[in-house]
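Chain by chain, the residues run as shown.
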Amino acid sequence: MTERLVDAQPTSHRPEPGAASVPNVRRALGALLVVAFLFVIRVTAPGEIALGDALQDFITLSISVLIESLPFVMVGIGLSVVVQLWVPERVLFRMLPRTPVLRRAALSVLGVMLPVCECGNVPLARGLVVRGIGVPDAITFLLAAPILNPITIVVTYQAFGFSDGILFWRVLGGFLIANLVGWLFSRHNRPEDLLTPRFQDSCKVHSHSGEQDRHVKALRMFGAEMNAMLPALVVGCAVAGFIQVAVSRDLLLTLGQNPVWSVLALMGLAFVIAICSTVDAFFVLSLGSLFTPGAVVAFLVFGPMIDIKMLALLRTTFTASTLVLLTTVVASLTAVIGLAVNVAL
Amino acid sequence: MRFEDVLRNWSGAALALVGVIATIWLAATGRLTLYVHPRYTLLTVIMAVLTLLVLVLWRR
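Here the protein sequences line up with chains A and B, keeping their order. According to this note's numbering, the residues represented by the first sequence are 1 to 345, in order. According to this note's numbering, the residues represented by the second sequence are 1 to 60, in order.
Bear in mind the hints are in silico, worked out from the structure with no lab data behind them. One thing to keep in mind: the hints can contain errors.
Taking beta-carbon pairs under 10 Å as the criterion, some of the chain A residues facing chain B (in silico) [as the list claims (entries may be wrong)]: (1) Asn227; (2) Met229; (3) Leu230.
Stretches of chain A that chain B covers, calculated by requiring three or more beta carbons in the stretch to come under 8 Å of a beta carbon on chain B [stated by the list, open to error]: (4) 27 to 34; (5) 85 to 98.
So the derived label-pair ranges between C-beta atoms look like this [claimed, not checked]: (6) Arg2(B) - Val343(A): 55 to 65 Å; (7) Gly30(B) - Val101(A): 42 to 52 Å; (8) Leu345(A) - Leu57(B): 29 to 39 Å; (9) Val6(B) - Gln257(A): 52 to 62 Å; (10) Gln56(A) - Ile24(B): 15 to 25 Å; (11) Ser286(A) - Thr41(B): 18 to 28 Å; (12) Leu114(A) - Leu57(B): 16 to 26 Å; (13) Ile24(B) - Val343(A): 44 to 54 Å; (14) Val101(A) - Ile24(B): 14 to 24 Å; (15) Leu172(A) - Val6(B): 46 to 56 Å; (16) Thr60(A) - Leu52(B): 30 to 40 Å; (17) Leu53(B) - Val112(A): 42 to 52 Å.
All C-beta atoms, glycine included, are put in the ideal place defined by N, C-alpha and C.
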């Protein structure tokens, strides 16, 4: 499958050796500069000198998103390596239904067994694609797993119980959107073109890598995934921190009680704050009285699927046009669900 | 080794190390809960230690 996926790519689309890594090198350089900037400010600013509020907020918010995401990314990278090296092929392929719709439905609930938040699912989905899972199927998993996992469901229940059907619509909405998007991308003539050339090449390297001690190989793969994921994560966190400072929350809150604008406002907030799906229910609980139930549902459905940090992570794997399409479709479907909940209630 | 190669091969490990040190430092000074939901402080610290272990093994 991996062979097919890679060989289907025309030679002309492949980057020159070294050329494909230039964006990654730039991203790595950008990430290191961001970290160095934060470190220098933190170390050189004496306690008695107050940094400007905006700068202090930017530093705190960026570090907060990063520290919160890092363990989940590491879990995801670890699971990705395990899937690639230790999970037998028969478990991956023979146990999954052959019918595409049923296979995507089965992959949607894989999150029940792999309870990591959305940032951890990116390296895991990369590992699944490397092992030969189809790109649309991996996208379905990527979108559904952060919502359909036990931690997210339990935390949402603890925050909202069964009130206003928020938990029900979050789970059902996540499942429906993930499968609809997976189906949509499965209509693509060449799903492998949804991937960046660099990631396609890394799939090829994986399929041709010779026999080697699996533990050594696991460490090498762990290092390679860290090099791909962490610069993107740091840049994504910095952008999330910057936008949170730049965008007025007061503006979002004033839109709260309008049935249409409240949905869009909380989707925008979910996109900007880039909070993990395992704790987002408690965050939005504090806003629950200010916003309509449909807006809360939209926040809880959209945030785990798409946010700034996720887009930065996903860009390591998918082309920009794929991400624009993905974001547009997920946002539209989420808005429909949020509005429908508001109309029904 | 060229600068680009250093970046390509070491950026992930360097960033992970910064994150791990920051996490352990925040936990040791009792300030981790300012950044992470209290429910996940233990997971965060455990993963920081495991990541440190992997980083050591990775470069051996």
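Legend entry - Index of numbered hints that the structure contradicts, given in increasing order: 5, 8, 14, 16 and 17
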